[in-house]
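Residue numbers (the working numbering), protein chains in the order written: chain A, 73 to 471; chain B, 73 to 471.
Calculated from the structure, these hints are not laboratory results.
As the structure is a computational prediction, the values presented were derived from the model and not from experiment.
Be a bit skeptical, because a hint or two may be false.
[Claimed, not checked] Label-pair distances were calculated between CB atoms; the ranges are:
| # | chain 1 | residue 1 | chain 2 | residue 2 | range |
| --- | --- | --- | --- | --- | --- |
| 1 | A | D350 | B | K74 | 26 to 34 Å |
| 2 | A | L234 | B | Y415 | 46 to 54 Å |
| 3 | B | Q331 | A | D170 | 47 to 55 Å |
| 4 | B | D170 | A | E283 | 33 to 41 Å |
| 5 | A | K238 | B | F303 | 26 to 34 Å |
| 6 | B | T213 | A | L123 | 54 to 62 Å |
| 7 | A | T126 | B | E336 | 48 to 56 Å |
| 8 | A | D170 | B | L226 | 25 to 33 Å |
| 9 | B | D421 | A | T126 | 44 to 52 Å |
[What the hints assert, rightly or not] The calculated DSS-like cross-link candidates involving lysine-lysine, where the alpha carbons are at most 25 Å apart (straight line), are:
| # | chain 1 | residue 1 | chain 2 | residue 2 |
| --- | --- | --- | --- | --- |
| 10 | A | K408 | A | K367 |
| 11 | B | K227 | A | K238 |
| 12 | B | K244 | A | K238 |
| 13 | A | K238 | B | K188 |
| 14 | B | K238 | A | K227 |
| 15 | A | K468 | A | K76 |
Each residue gets a CB set at the ideal place from its N, CA and C atoms; glycine is no exception.
Protein chains: 2
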Amino acid sequence: MKNKEIYNYLKTWSEKYKTDLIDNILPFWLENGLDKKHGGFYTCLDRNGTLMDTTKSVWFQGRAGYIFASSYNEIDPNPAYLSASRSAIDFLENHCFDTDGRMYFEVEENGTPLRKRRYLFSECFAVIAMAEYSKATQDKTYSKKALEIFKLILKYSQTDGLLQPKYEPTLKAKGHSLTMMLVNVAVVLRSAIADEVLDKTIQNSIQQIREDFMHPEYKALLETVGLNGEFIDTGIGRTINPGHCIETAWFLLEEAKHQNWNKELIDISLQIFDWSWDWGYDKQYGGIINFKDCKNFPHQDYSQDMKFWWPQTETIIATLYNFLITGNEDYFNKYKEINEWTYKHFPDDKFGEWYGYLHRDGSVAQPAKGNIFKGPFHIPRMMIKSHLLINDILQKMEK
Amino acid sequence: MKNKEIYNYLKTWSEKYKTDLIDNILPFWLENGLDKKHGGFYTCLDRNGTLMDTTKSVWFQGRAGYIFASSYNEIDPNPAYLSASRSAIDFLENHCFDTDGRMYFEVEENGTPLRKRRYLFSECFAVIAMAEYSKATQDKTYSKKALEIFKLILKYSQTDGLLQPKYEPTLKAKGHSLTMMLVNVAVVLRSAIADEVLDKTIQNSIQQIREDFMHPEYKALLETVGLNGEFIDTGIGRTINPGHCIETAWFLLEEAKHQNWNKELIDISLQIFDWSWDWGYDKQYGGIINFKDCKNFPHQDYSQDMKFWWPQTETIIATLYNFLITGNEDYFNKYKEINEWTYKHFPDDKFGEWYGYLHRDGSVAQPAKGNIFKGPFHIPRMMIKSHLLINDILQKMEK
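Okay, chain A solo, but in the shape it has when bound (with noise of 0.2 Å):
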């Protein structure tokens, strides 16, 4: 492809993006999500908006807080964003809390506990939304609370026997979801209020996904490794989950990109990359796959061999920034795949939004539009992330 082509269908896409998130995505949401009454986002949606289930996830009251901040502070500064924003904050602030510090997982529709779970994921969600809302005010006491939710995440994460584990003291183990979620959790609220435990928290993650968790004998960065890094030869220490990888090499970027560049971090991000798209993409069907076996066993969960839509906005997102800072076209080749397969299945003609679980195949598995594990988070961050990287490397093009 010569570079007008290129030139020509990036400015396209990055076009299409936004007025996908502003015509589409945001307003989906907006009309069938947010709870004019209690406050927060409802995201348990059939097809066409119809509440299926009053049950409020607490993390997409973070993640939607996020969103709707976020798309406010970098596409369109409407003021319906920024009180949606503020409805999800309100609602968390009120109703997600437990008296020790901690959040629920679940919560009625007026925030009545359901569940809390032994995660801090919700708490993760809670700091970005606060962090990027009080980007989009000004209001420094969202970015205060912000901070202080975070360093209770690493109180808990870091003190062995305040969070009930999963497993018995004889499986010593630890995960990439937590490390890698916060490079990205620290990231955000760094642009919003500046603490030196912000960087030693990147820092401590990315030495621990480079030490521990990438893993070259299997060219794979792993899931779940021993507490210093250790191969657990099981089902669980061989899992590979290709769009979590490829989100932790994007994730670095941005603070690659903080860093002026740092070509380590570089180096490190496009390794995870392409080790993990070799991984993930099914040269059969196309789309990145949900997980894999580093040794090649059969992987045990269900949905081992589905396409959900959050590991193809990764792929999206991870391609545009690859090739941002390479210039290399066969990442733009592999942005042209992922991003075409992905919008051929995914997004719903009929009643907009897209549809989550596809099979293999890219055939609907089911076709609602929320659960308490889909709602506004991948799919408009993909848009806000896409719409400006392509900015950036139109610009670089120009040059």
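Add chain B to chain A, keeping to what the hints say.
Relative to chain A, chain B alone:
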């Protein structure tokens, strides 16, 4: 189909189940699953029997202990079966109990505990293993131990606060799983030892199934209801698991038989079966699917449209039971339909045993023979039960 044809068809299948059990299923697990060094069973086996993961499922020590003793008792008094059963039971007794009398969920191959959960299924499977082994050996110490564990299950399930609840106290709900499981566990245990708590437990479970879990307004037996059977209008509360309900249906028929073919119990069971077949049978591709939502919203479990092995085996048993009791040819036709669909798609002609996880259309989703949820249980139990049920049907037809 004429009676003669039905007779011949059933006779052929009765033999087929027996030879399949003796020549295929049990040898597969004895050769590849039985741990000659530490005792007990591995179940994480690849398609050809290769050991993929040495983690041992505590459920499957009990399940295998039950299956090998039951095969010995009902089909073929092969000493290798008895010793395999004993190996699993010894492993349970030596390694799988915590100091509070409760059991672990996963252990290492040498018995080091890995994970304990808040559910009582490890305990349930230990009970049926010891009960069946006690019948095989006439060694009453095992039925007495089983009864002690049974009483511990009742204590833990009936005493608030003993098990850490999954949900906050605000969500008052109960599940169908343990309720139905206790019917089967008590029926098996009662065949080894008498105790009034067994009949009382069975009656209590039946009453809850009939009054709380059966919801005629949806023609459904629901998986989760309020403490007094209230309908909960969320994704969880609307969940129908047809294979699970059909398993309950034949559990009730075993009790009906014990009560001299109690007519009321038969009617409840047939009602549950008829409802659940209508929800679960896939008219387009055949087989029983995993989940439905009783208000016909899209079910949110990834695997909702997949075909797992065990809903099919439970339906084979239930349809045979129904035909034995009613002589209604419609049940024979349903039996034939599910039996042939199952035998067409699940058995692995090359390496023996059955695949466990198929896509909706019957194609293999992943070819491993076992994991911590699939091992020697539903498939051999179906073969044992179906062989015996058909013999009863043939006897009745010969009259």
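Task: Hint numbers contradicted by this structure - done: Per hint list: 1, 7, 10 violated.
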